[in-house]
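There are 2 protein chains.
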Amino acid sequence: MSKASGLPAHAVLSPGATIGILGGGQLGRMLALDAARLGFKVHVFCPDTGPAFDVSAAHTLAAYEDEESLAAFASQVDLVTYEFENVPARTAEIIARHCPLFPDARALATTQDRLSEKTFLASLNIPIAGFAEVNSVADLEAAVEKLGRPSVLKTRRFGYDGKGQTKIVDTTDLAAAFGVVGAQPAVLEAFVPFEREVSVVAARGRSGEFAAFDVTENRHENHILRTSTVPSALPASVQVDALDMAKRIADALEYVGVIGVEMFVLREDGRERLLVNELAPRVHNSGHWTQDGAETSQFEQHIRAIAGWPLGATGCFGEAQMTNLLGDEVNDWQALAAEPGVRIHLYGKGTPRPGRKMGHVNRVTVKS
Amino acid sequence: MSKASGLPAHAVLSPGATIGILGGGQLGRMLALDAARLGFKVHVFCPDTGPAFDVSAAHTLAAYEDEESLAAFASQVDLVTYEFENVPARTAEIIARHCPLFPDARALATTQDRLSEKTFLASLNIPIAGFAEVNSVADLEAAVEKLGRPSVLKTRRFGYDGKGQTKIVDTTDLAAAFGVVGAQPAVLEAFVPFEREVSVVAARGRSGEFAAFDVTENRHENHILRTSTVPSALPASVQVDALDMAKRIADALEYVGVIGVEMFVLREDGRERLLVNELAPRVHNSGHWTQDGAETSQFEQHIRAIAGWPLGATGCFGEAQMTNLLGDEVNDWQALAAEPGVRIHLYGKGTPRPGRKMGHVNRVTVKS
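If you're matching them up, the sequences are chains A and B in order. Going by our numbering, the first sequence opens with residue 357, and the numbers climb by one from there. Going by our numbering, the second sequence opens with residue 357, and the numbers climb by one from there.
No wet-lab data here; the hints were simulated from the structure. Since this is a predicted model, take the numbers as computed values, not measurements. Careful, some of the hints might be misleading.
One copy or two, either will do: identical chains are not told apart, so a pair holds if it fits within one copy or between any two.
[As the list claims (entries may be wrong)] In silico lysine to any residue, SDA-like type, Cα no more than 20 Å apart, as pairs:
{"#": "1", "residue 1": "LYS713", "residue 2": "GLY381"}
{"#": "2", "residue 1": "LYS713", "residue 2": "SER370"}
{"#": "3", "residue 1": "LYS705", "residue 2": "SER370"}
{"#": "4", "residue 1": "LYS705", "residue 2": "GLY372"}
{"#": "5", "residue 1": "LYS723", "residue 2": "CYS672"}
{"#": "6", "residue 1": "LYS502", "residue 2": "SER492"}
{"#": "7", "residue 1": "LYS723", "residue 2": "THR670"}
{"#": "8", "residue 1": "LYS713", "residue 2": "GLY372"}
{"#": "9", "residue 1": "LYS705", "residue 2": "GLN432"}
{"#": "10", "residue 1": "LYS603", "residue 2": "ASN633"}
{"#": "11", "residue 1": "LYS705", "residue 2": "ALA414"}
{"#": "12", "residue 1": "LYS523", "residue 2": "GLU497"}
{"#": "13", "residue 1": "LYS723", "residue 2": "ARG513"}
{"#": "14", "residue 1": "LYS723", "residue 2": "PHE550"}
{"#": "15", "residue 1": "LYS603", "residue 2": "TRP689"}
{"#": "16", "residue 1": "LYS723", "residue 2": "ARG505"}
{"#": "17", "residue 1": "LYS523", "residue 2": "LEU599"}
{"#": "18", "residue 1": "LYS523", "residue 2": "ASN578"}
{"#": "19", "residue 1": "LYS502", "residue 2": "THR475"}
Kindly produce the complete structure, drawing on both the sequences and the hints.
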């Protein structure tokens, strides 16, 4: 099949071509499985052996800073994508010399830094929580003066599942709080008294077409996603707002691929209103229900988008709920396997450490 | 995870265990994909590089007669299954020394030889076409005397997709016909004036539980499956007959795994009646619609059965049609990708030779 270096920047990828994936975790694994179903080969690049290796035609075990290995990888594949937003800018740059990278470097740069992301969202007039840049204790003092207590101090980079953040309450010593997040560039966010969390998982294709899955209601425990449910309880007009915001974000980034947009639901004067919390330039845990509950899974949709294929239909079959299996919960597989209609997705990870995402199950009730 | 040699014969396989698959074609590939979804690792053994290699954790490229490689393979996996019925008896024997083989050697011996299969079916009073053993031209003359013309001469072994068979018509020279099938052990089958072909794809678990998918209506072209459709047009009572026959067959073999039972539909005195044509001790092309049209795919069902898991639910979501993509038809992927609701499954094979199964699509209409 066609080799990357010979491709025009946006050539449609034919079955048989090889898709490179940065990251070998469960998202890479599920991308690899759906890519295979569409006839693609997958080459995974990851610094550690991960569950995606077991279902891929090839893998490279090397650091993201290993420029020689990156160049070799990128010259052996027809296109590169990734399963996580913290791909270093330099890594993206080296890849892009050899083959297309989707989503592109701009999507990465915007979303891997909380300050860039918030500045970008604000520039689109997307409603977000108040925020202020914090590079020092003095900055933090000024920010708390402006945004009040409670508020939340978060690192600009590398935060996930509640890591790299601390709450500022009445009794918090600000110098200590800045130390808690590593005394590194950070953002203070105004406290948002949200009722619930929802997300939009959507895709934008290479020629700008956009398709979103239904708004998903998410429940977290200890900052880790527990369940995602469709349909959400949002009024139709608010759902329209949610999809519209996702579309404006994807369009403004000239985004290619699946994007996850996390939102808070606030109740003000008896009406529900949304604030965008965070963007994920990749397939998203809250979209796993689509594997069994939607006409196209988010993983296939991402592959379609980056390959230049038409986006798949995003209709929902009925009611769906995804439940993450965290840590030891994966040991319940026998009971889950015996429960009629439960669709099991296990990641093939070795040790079920507490809070570790080991798998998930989808329960779908087809509407009749 | 637990090693094969330490397993009691029928230990339930836990996620993380390794399933060995003999055969690296599309059936092995789709088994590997669903095994991965359930958290298993897959090791493929095949004499040729095949599409299953690209989605498996490990593979062995060696002949089925390579006893050293077979022993090494079988000692590295927790269980072995296969994607084709022509596994040599000696191969099965070597495997079974190291780990469980499902379906077992008896299922293989019975189904890889047309005469054994027909004798077995006749012993269960399952309706089949008249048949006679043919080991010589003299046998063939006697058989034609008994079964008449037209009739069909088929090799006892290694026939598929219409290969290894020839029709005996009024003008056929019998010595020449015996030569056409290689002058090897064969079976003459009475001509069956069937209207249509259907199949039952069913599973039997290790503890004897049985679950069948809906009867599937199959259309062939040039002896190769073209489409499979559910629901079939059979009257309910005849569908019950079909499922009952499949259950009796699976029970009599103490079968473990998915089995395909191909049947002819005859119309006699205005009523429909079934004859069993052929058994396949494996997942079956006519069951591919279950990937998108049933609560559990036949591939997951096979893995569940051999792993000792409870069988999955077999309900059908509505109307489903599977269409094979043969040879060049795979080049229509762009149009298919643009057709809403079409689920694409491509096998990652290199060259689209005429008649070669390159992929399939499922079209499912959810009932409402």
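Hint check, failures only: 13, 14, 15, 16 and 17
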